[in-house]
Amino acid sequence: MTEFTMPSLGADMDEGVLQEWLVGPGDRVHKGDVVAVVETDKAAIEVECFESGTVARLLVRPGTRVPVGAPLAVIEGEGASGARAGARGEPTTTGAEAVSPMVAASVKRPRSQNPPMRAKADRERAARDERPKPRRKAAGEPKSVPEIRSEPRKEPAHTAAGPIPPQPGVSAETDSALGTGPLVRHLALQRGVDLMTLHGTGRGGRITRADVEHAQPGPVPRVRATPYARRLAHDLDVDLTELRGTGDGGAVRAADVHAAVCTRAVRHQPGRPTAHQRDDERTQVAVAGDTRPEQRTDTMRRAIADLMSRSKREIPHYYLSTTIDLAGAVDWLRRLNRGRPPTDRLVPAALLLKAAAVAAREVPALNGFWQNGGFVPGAAINLGVAVSLRQGGLLAPVIDRADALSPEALMARLKDLVQRARRGRLRGSELSGATLTVTNLGDQGVESVFGVIHPPQVAMVGFGAVVERPWATGGMLGVRPVVTATLAADHRATDGAVGARYLTAVDQLLQKPEEL
Amino acid sequence: MKPLDHAEAMAVIRESITQIVPDADFTQVEPDDKFRDVLELDSLDFLSLVQLLSERTGIRIDEEDYPELTTLSDATRFLVDRSKESAGSAP
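These protein sequence lines are chains A and B, in that order. Counting from 1 along the first sequence, just add 1 to a position and that's the residue number in the numbering used here. Counting from 1 along the second sequence, just add 38 to a position and that's the residue number in the numbering used here.
Worth flagging that the hints you see were computed from the coordinates, not collected in a lab. Every value quoted in this text rests on a predicted model; they were computed, and no experiment measured them. Zero decoy hints are in this set.
Below, a list of computed lysine to any residue pairs in the SDA-like style, where the Cα atoms sit at most 25 Å apart:
1) A/LYS513 / B/GLU101
2) B/LYS72 / A/VAL447
3) A/LYS32 / A/ALA71
4) A/LYS513 / B/LEU82
5) A/LYS416 / B/ASP63
6) A/LYS513 / B/SER81
7) B/LYS122 / B/THR108
8) B/LYS72 / A/PRO471
My request is simple: use the sequences and hints to build the entire structure.
Structure follows, in structure tokens:
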């Protein structure tokens with residue numbers, strides 16, 4: 002039995018609002034499955050679980066604000082050793098002290114299995130830390146996402162905080178009291194049958210499979226829907242129960258919701274209550290986890306303000322800059338892109354990111370964290386990429402093991418992350434675990450950018466615009482494309498000489514783009 | 039493929055940009071403004087735009103053509119000219 006806890010989705014997060022459960026009691030979950038949506042100050046994030054097992058109980062209602070590390074659900078594992086916070090190896094800082102998520106979780110968990118670890122143990126752990134690679138699974142896959150109730154529960158509204166009390170068809174405790182097995186519970190969930198209303202015909206009044214199969218579905222219609230469709234329906238105020246799904250097993254897909262909106266636009270039905278109006282409880286929830294852009298921008302601004310203030314307060318930055326001749330790289334890219342359709346073309350940013358990652362392999366002192374008064378090297382090179390959002394603010398999704406990806410793979414990952422950071426939803430694992438961050442403001446036209454380090458990382462790499470400038474080489478003056486690469490680094494962890502070695506490595510790597 | 043006229047080309051460009059920047063405000067973009075700067079399209083956005091334009095018009099757009107897609111008036115002229123060429127060269 003392990004607890005699924007509120008993950009830390011970045012150093013700047015110390016609490017989050019549980020917005021939506023994508024699983025319910027009795028559901029089988031696998032490591033890496035998306036199980037819930039958490040609203041942070043910056044964005045709504047899909048969070049994965051890091052255990053395989055069966056969901057026994059949900060401890061927190063949608064709409065509840067909970068601190069990082071607080072238990073959200075109980076998962077009956079398969080010999081699992083302990084719950085892990087959603088964040089991977091990235092150390093987080095809850096309060097004044099930088100601690101790893103495992104420590105944060107165990108400190109906050111009431112039933113702690115691990116004594117708090119201190120610097121030494123931390124360092125050892127980080128050194129042997131094999132990050133669990135979450136198995137990526139399409140969030141929209143209806144099979145993997147058992148439906149949740151789209152209607153209010155029948156009991157009086159509870160306060161948003163606190164564990165969910167036992168309630169029909171939801172609490173595993175209630176169910177086990179009746180002696181139903183997980184299969185029957187699952188079947189009941191699938192069919193929308195409230196187990197509490199059933200009369201068991203099995204031994205000792207147990208509810209059997211047949212009982213569930215013969216039962217009338219409960220008064221609450223159950224809607225299969227993809228998470229995206231659900232979100233759309235919520236945003237567009239569409240009642241899922243009124244839709245006919247065209248997906249697998251009749252699941253409602255986003256297209257169905259869109260179609261419904263179009264129809265609604267044609268024939269507006271005034272008297273008909275919307276999902277919103279019918280659901281007072283949910284409306285309150287929606288307010289707590291609302292995604293109104295203005296509000297999101299404000300909270301994001303505050304989150305950035307807090308983190309950047311802390312960075313400047315705690316980290317003695319030093320800055321280096323160098324201008325790199327990109328003639329070879331630009332030529333190489335042009336040859337590569339020639340004849341390729343736009344979808345397969347690379348942009349210079351992909352090469353720059355690759356060079357930044359590979360250089361970190363050569364100068365590992367810049368890749369990692371400053372924790373408890375010492376440097377902890379990152380277990381891999383996970384590159385955070387600062388992505389500016391159109392409505393303001395920024396997110397820094399992470400490209401795992403960027404040094405090992407081909408420029409093509411890196412480009413594909415970059416496109417996907419940027420697009421979802423701006424338009425869709427990122428996963429928890431995609432927002433945590435960065436060991437070094439790159440900002441590429443060059444895309445906005447400026448020549449150089451000196452970043453502010455994202456604590457507890459120890460460096461931030463910046464790339465300006467690729468511009469044509471007069472360039473002297475071999476005693477001759479010519480016009481070449483150049484880029485200004487900068488480094489902001491933590492002087493506690495490294496000295497300027499190390500930073501200089503890093504930028505030199507980036508330069509040399511970009512001279513041989515074919516080897517990147 | 040039928041050659042595009044000026045209005046059609048402009049419409050395709052606007053629709054494509056809107057798909058990338060949903061709240062793009064074209065009242066702020068003069069025909070000779072660098073629309074990438076005004077609408078803050080980064081290099082990935084621009085690549086998406088190239089992709090959308092070539093998908094919708096069937097016109098092949100190479101990297102060498104990118105400078106033609108700097109302002110709305112340039113881009114419109116480029117699409118009109120190219121669509122005529124490809125229509126003319128078709129058997």
